[in-house]
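Number of protein chains: 2
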Amino acid sequence: MDSALPGPAYSATARTTPTRHADRARYDEDTVHAVLDAEFVCHLGFVAEGAPVVLPTLYARVDRRLYLHGSTGSRPMRTVDGRRVCVTVTITDGIVLARAALHHSVNYRSVVVHGTAHRVTDPAERALALDAVVDQVVRGRSADCRPAGAKEHAMTAVLRVELDEVSAKVRTGDVADDPEDVELPHWAGVIPVRRTLGTPVPDAALPSGTPLPGYLAHLA
Amino acid sequence: MDSALPGPAYSATARTTPTRHADRARYDEDTVHAVLDAEFVCHLGFVAEGAPVVLPTLYARVDRRLYLHGSTGSRPMRTVDGRRVCVTVTITDGIVLARAALHHSVNYRSVVVHGTAHRVTDPAERALALDAVVDQVVRGRSADCRPAGAKEHAMTAVLRVELDEVSAKVRTGDVADDPEDVELPHWAGVIPVRRTLGTPVPDAALPSGTPLPGYLAHLA
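Top line first, the protein sequences correspond to chains H and F.
Using this note's numbering, the first residue of the first sequence is number 2, and each one after it goes up by one.
Using this note's numbering, the first residue of the second sequence is number 2, and each one after it goes up by one.
Some hints here could point you the wrong way.
Since the list can't tell identical chains apart, any single copy or any two copies may satisfy a pair.
What the hints assert, rightly or not - In silico SDA-like pairs for lysine to any residue, Cα to Cα no more than 20 Å straight-line:
#1 Lys-152 - Leu-185
#2 Lys-152 - Pro-214
#3 Lys-152 - Thr-73
#4 Lys-152 - Asp-179
#5 Lys-152 - Ser-75
#6 Lys-152 - Val-194
#7 Lys-152 - Gly-174
#8 Lys-152 - Glu-181
#9 Lys-152 - Pro-180
#10 Lys-152 - Ala-177
Honestly, the hints are just simulated from the structure, not real lab data.
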């Protein structure tokens, strides 16, 4: 069947080939992009004065690129232009309680991106990236807010990281106890974990009775 | 009032002093430990061949220490003993939709730990750390599973990172639009975000009718 043909994929490298649990590694675009599209906070890693630094950062995926943004005064934005970065996105899906302590695990989906960060200076690309970061958090929102003005643009740094050396790692499914442990008298199973969005709380200055916009209506 | 006396706190360093949003930084043990105790997946950063690597990893906090564990064959466990690491824990609490694109934000709590990782070899400390990692995920679980045997211990590396150079960063509250934007016709407010645990799904091999243990009863 055509639908079973493999789609485009990222190439594995030494760094993106796990030293264990190789069965959990994924390189196909569908899996990698789905993980990246399901979150909006990444962990940006860089090296400062020889030591690693990991900071939570908002991001967006556009095709085979990531955009990150932050204040021009913030540490990562001042540090990483032209430098190696590692961008990691992790989603926790479940807690796996095995009978054996060592088989306790977590169901998760993660993507690790190795690359180089470049400051984006082209106005059109900056505008696209800033819209994408807003839409990554809430789809449709960028068309319903005031775009950045010139002064705000000057305060905002945008970084681009090409998706090239990329891998996903996915654990799904059940407890994996050793056969000789299955009779042990401990409860075993999986606790589902998910992120939920609550009812939107309007800003105090919003005129009372202002309806939720369509892109938030499902949260009412 | 005695209750208003400041409790113990971590000392700020150049690296843990933010270059902006200094009002969001926290160093008191209560805040730092509360964030660390509310999660079980951290992002471990280290430097490999000059480049940063960030990997999601299970951890536990015990007093002023973090313990991380993993297979002795995994990349971080083989790489980081005696080396500088950065361990970051982030919890997303809300999506802040401002009228201005640039004031979109996220309510979050994060902790960044700068330190050196050390392999734990003392059997008593290893046992304590492995129990702590299980209990970090589900309180009370370590007493209700089979502890690791000698062969499993040999397959498992435990790392200790002292909590010393540590800071939390916390954003809470409302939209922070500029006064001149408040009349703009865009919905503004905060969408609460939280993690929820679902009903535990028993392992297929568990005898039917096995009750949930007490430490999971609140999830029934």
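Right, here's what the structure says about each hint:
no.	hint	result
1	Lys-152 - Leu-185	between (65 Å within a copy, 19 Å between copies)
2	Lys-152 - Pro-214	neither (28 Å within a copy, 58 Å between copies)
3	Lys-152 - Thr-73	within (12 Å within a copy, 51 Å between copies)
4	Lys-152 - Asp-179	between (61 Å within a copy, 13 Å between copies)
5	Lys-152 - Ser-75	within (17 Å within a copy, 47 Å between copies)
6	Lys-152 - Val-194	neither (42 Å within a copy, 31 Å between copies)
7	Lys-152 - Gly-174	neither (50 Å within a copy, 25 Å between copies)
8	Lys-152 - Glu-181	between (66 Å within a copy, 15 Å between copies)
9	Lys-152 - Pro-180	between (64 Å within a copy, 16 Å between copies)
10	Lys-152 - Ala-177	between (55 Å within a copy, 17 Å between copies)
The structure shown violates the earlier hints numbered 2, 6 and 7.
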